[in-house]
Amino acid sequence: MSPVDETPNPAPAEKPRHKPSRGPRVAMPEREPKARATVFDEVGYGYTSEMALEEAMRCLQCKNPTCQEGCPVNIEIRDFIGAIIDGDYRSGVEIIKRRNALPAVCGRVCPQESQCEAACILAKKGDPVAIGRLERFLGDSDLACELDRRCVPAKAEPSGFRCAVVGSGPAGLACAGELAQLGHDVTIFESLHAPGGVLSYGIPEFRLPADVLSAEIETLSALGVKIVTNTVVGALVTVEELLSEEGFDAVFIGSGAGLPVFLGVPGENLNGVFSANEFLTRVNLMRAYEFPTADTPIWRGRKVAVVGGGNVAMDSARTALRLGAEEVFLVYRRTQDEMPARKEEVHHAEEEGVEFKMLCSPQEITGRDGFVTGIVATRMELAEPDESGRRAPVCVMGSEFTIECDTVISAVGTRANPLLRKAAPDLELSKRGYIVADEEGATNLPGVFAGGDIVTGAATVILAMGAGKKAAQAMDAWLRADRS
Amino acid sequence: MFPIVHKRQLSDSVFEMGVEAPKIAAKARAGQFLMVRTDEYGERIPLTFSDWSAEEGWIRFIFMRVGKTTHQLSHFEVGESLADVVGPLGVPTHTENAGRVAVVGGGVGVAVAYPVARALAEAGAQVTAIIGARNKALLILEDELRALPLERLIIVTDDGSAGIKGLVTHPLKELCEAGELDAAFAVGPAIMMKFCAATTREFSVPTTVSLNPIMVDGTGMCGACRVSVNGETKFGCVDGPDFDGHAVDFEELMSRQRIYTDLEREADADYSQGCQCHL
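Heads up: the sequence lines are chains A and B, in that order. The letter at position 233 of the first sequence is residue 233 when you use our numbering, and the numbering goes up by one with no holes. The letter at position 147 of the second sequence is residue 631 when you use our numbering, and the numbering goes up by one with no holes.
By construction, these hints were calculated from the structure, which means they are not laboratory data.
Between beta-carbon pairs, the in silico distance windows are: (1) B:738 x A:48: 55 to 65 Å; (2) B:754 x A:326: 18 to 28 Å; (3) A:69 x B:738: 54 to 64 Å; (4) A:228 x B:537: 14 to 24 Å; (5) B:738 x A:264: 19 to 29 Å; (6) B:738 x A:326: 25 to 35 Å; (7) A:149 x B:716: 53 to 63 Å; (8) B:567 x A:326: 29 to 39 Å; (9) B:506 x A:383: 56 to 66 Å; (10) B:642 x A:338: 57 to 67 Å; (11) B:716 x A:144: 46 to 56 Å; (12) A:422 x B:716: 18 to 28 Å; (13) A:446 x B:506: 22 to 32 Å.
Only a predicted model underlies this, so the values are computations on that prediction, with no experimental measurement involved. Here a beta-carbon is modelled for each residue, glycine too, at the ideal position from N, C-alpha and C.
All chains, please: the whole structure from these sequences, using the hints.
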């Protein structure tokens, strides 16, 4: 390792700290598609130090780093890559953690290709720097240390204020981490028995190992964040009670958009039809793939049709393969180009043997004796782009055909959970049941802030984290403001 | 962790268990339910409150030993703790201005009928409780129900070993015929609720049923508990568990309850083989 950079916040290099390499983007080693499609072990192994250095050397260390602008939480990307070049991983981790409490998580699940990496200068002519893989490398190097040696961000003087955070998903964790750093006493309330929200129940082990998540959460606890599980805000306690009886000074709601949407076609309640949420929760949170060692059963279909084109659909399809399905179809109304899923996930799914059935839309789920036997679908074609810029799919008349399957997984989105109304009856909600909040997360109720999917509808982990962080700063300002 | 403070065996396979949970006890209302998980590898199972005390900070539930989780649960003793207890979940049973009500409980469903009958009576309703079981040995909470200010308590057993011989629908029908009912509430096996609803439909007596679909999280996140009510998909956990009995698709409910029967049997057999108890 080269000499350690003593400054915690290295100033941008006056002259290049290295001669950028012109080598190709360094591939991250992965499990073979055939081998990995039957196990829940993580697909990517991560960079070794040598690979990380080789990739970091590709970075131009731009004077005006555009990559940083592409990051929803504004991580000083150039500088953490510089720290890798210097061999100073510790500084690298510190640089990331100033903006993002969960680097090992984000390095794995962020859609870098449409954010920081898309903004990388190198992307104009070729492959951008693999920023996500480098972030993961630093995050993992931190987690490889014992807890007391890990990078725990510095904390401001105790403010004397107590903050409650509802939900321990990406928005809640980011908000809680930021609030704790700002000196507040933070308690997260989680409805399930384990923290992490969608990171824990939704994203599969082969993309985000549970150990990585729990280690990152452990680091947050070291920062002083308390997590109380088994607490459904709206059932056990209301937001109003948190602010009065429970003595909190401010509340952040990051409860997520939990309620699954079904297809709305005949047959959706047949046995063998699941929401992606149920399917993934059974496998990830409840570890049903270890049944009967784990008590929660899971339906293991032979022929599985997953409906949808997002990351959740990819996760469901790849999970079904790992549970032993002979055939897994991905049924999507548009084409592969319009899929909202990360390209990398689409590629992984294809590699593992998921069969893509594009431009088809389920009209009915057929069954026998209460169990699914297939999907009747129609062929679609794409019309001109609509106001969202996406080309709307339209039915091709008389093109009905049948997809034989014994399992249908609906991964077509989620909506707001009605428990929210019970949690805070006076909170202003949109027509679709989401919380109305301003840019900084402030709601119509004083001291109540919100962010993540419960404000925007289903989005990405990093956007939720960005919203949680921003709201934490607004909460801090609100708490410290003189209201006498 | 939730310490177990009470355990009582009510019949061969039915147990009452109480845990210390002051916050839940302070909020619990009749008709609501809990999600319970025994340990790290445990399944989350929904169990309806049978009783609670806000003053003393405990809640109780009653379960029948039918699968691995309830089997394991039956081995827990006072002084041990359950890993997770979440609640109170679901919409409480509507008890205001109910008038003359029949509360029908079948089998282990009596555990729900009891607090509902109590809440209705406290809200000023004239309550006739009808409780049924296969035989006298399986009858639960008879003494507790007798202690409530009810109009009547009617006991029915399949074999006549206690009360009237027959099905709970017989006295229910008589009450309907006599024009003595403004509403009915039924809880028990799906097939029983189906026939209760069919009985009252003829007489247009509004009937609430407390459903027991499969659940995973119990908070609206997974949709395993979906039921068709008037042709519309509802979630048992957040929209229910109470629904209009005349609008519920009971055939679908019963079919959906059976999805994991084979796997559950496998898990329980696996567990029983390794466990020291002799059943």
